[in-house]
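Its first residue numbered 0, the sequence shown is counted upward by one per residue in numbering that gives the first Met the number 0.
Any given hint could be a false lead.
Claimed, not checked - Okay, the calculated beta carbon distance ranges per label pair:
no., residue 1, residue 2, range
1, 171, 124, 47 to 57 Å
2, 152, 45, 20 to 30 Å
3, 15, 84, 13 to 23 Å
4, 120, 168, 35 to 45 Å
5, 34, 110, 17 to 27 Å
6, 169, 104, 24 to 34 Å
7, 120, 4, 37 to 47 Å
8, 104, 6, 27 to 37 Å
9, 34, 66, 39 to 49 Å
10, 163, 85, 16 to 26 Å
11, 34, 80, 34 to 44 Å
12, 162, 82, 15 to 25 Å
13, 140, 12, 24 to 34 Å
These aren't lab readings, by the way, just hints derived from the structure by calculation. Note that beta-carbon positions come from the ideal geometry of N, C-alpha and C, so glycine has one too.
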Amino acid sequence: MFNTALIRTRLGQYGAAWLLAFVLSILAILAGGWLAHMPLVKVADLVLPVAFAGLTLAVLGVMIVTLTAGRETVATRLVIILLALLLFLPLLWAPVVGAVGAAWIGRVSIEYSAVYAQFRILVSQALFKLAGLMFANPLMDTVWTLFQGVATVIGFLASFFQVWPRLLRLLGAREVEA
Numbered sequence: 000m001f002n003t004a005l006i007r008t009r010l011g012q013y014g015a016a017w018l019l020a021f022v023l024s025i026l027a028i029l030a031g032g033w034l035a036h037m038p039l040v041k042v043a044d045l046v047l048p049v050a051f052a053g054l055t056l057a058v059l060g061v062m063i064v065t066l067t068a069g070r071e072t073v074a075t076r077l078v079i080i081l082l083a084l085l086l087f088l089p090l091l092w093a094p095v096v097g098a099v100g101a102a103w104i105g106r107v108s109i110e111y112s113a114v115y116a117q118f119r120i121l122v123s124q125a126l127f128k129l130a131g132l133m134f135a136n137p138l139m140d141t142v143w144t145l146f147q148g149v150a151t152v153i154g155f156l157a158s159f160f161q162v163w164p165r166l167l168r169l170l171g172a173r174e175v176e177a
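Whole structure, please, built from the sequences with the hints as guidance.
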């Protein structure tokens with residue numbers, strides 16, 4: 000009924016995408032600030048839209064490939080599409096966390112980033128509407144904090160479980176060589 004191997008593969012790809020988006024965004028912002036002698040906040044305003052567009056295209060690509068894969072069951076396709084939709088916003092959070100990390104390293108306030116501020120506003124509005132549908136008295140700060148925590152934990156765990164086995168194999172291979 001379900002192709003669990005494909006679902007696990009897609010979740011592994013999600014973890015790799017989350018980690019890659021985080022690492023590339025923090026490195027791009029720091030390198031851009033250092034090489035171009037630009038304020039980190041301005042570099043973040045350039046990097047974040049590119050990261051959002053790239054992640055959106057990647058998710059759409061995975062969804063299209065999943066829908067057009069002729070040999071998968073409808074149930075498997077639906078699970079993968081549902082996971083892609085549910086994990087899309089936490090995936091977009093990865094480059095934002097990278098921008099926050101770069102700002103922390105550079106000792107600047109990320110709140111001056113127009114893209115970061117717009118992202119927070121749009122996500123807050125979406126979560127507010129969603130919370131309004133689900134709760135009688137929505138507490139937006141609580142929902143926003145919960146979103147940040149869940150998105151960070153999901154991304155970290157997905158990345159950890161993607162990288163950890165490879166790291167163990169690499170370390171095991173080095174011990175054998177020594």
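Evaluated hints:
{"no.": "1", "hint": "171 / 124: 47 to 57 Å", "verdict": "48 Å, holds"}
{"no.": "2", "hint": "152 / 45: 20 to 30 Å", "verdict": "28 Å, holds"}
{"no.": "3", "hint": "15 / 84: 13 to 23 Å", "verdict": "19 Å, holds"}
{"no.": "4", "hint": "120 / 168: 35 to 45 Å", "verdict": "43 Å, holds"}
{"no.": "5", "hint": "34 / 110: 17 to 27 Å", "verdict": "24 Å, holds"}
{"no.": "6", "hint": "169 / 104: 24 to 34 Å", "verdict": "27 Å, holds"}
{"no.": "7", "hint": "120 / 4: 37 to 47 Å", "verdict": "40 Å, holds"}
{"no.": "8", "hint": "104 / 6: 27 to 37 Å", "verdict": "36 Å, holds"}
{"no.": "9", "hint": "34 / 66: 39 to 49 Å", "verdict": "41 Å, holds"}
{"no.": "10", "hint": "163 / 85: 16 to 26 Å", "verdict": "23 Å, holds"}
{"no.": "11", "hint": "34 / 80: 34 to 44 Å", "verdict": "40 Å, holds"}
{"no.": "12", "hint": "162 / 82: 15 to 25 Å", "verdict": "20 Å, holds"}
{"no.": "13", "hint": "140 / 12: 24 to 34 Å", "verdict": "33 Å, holds"}
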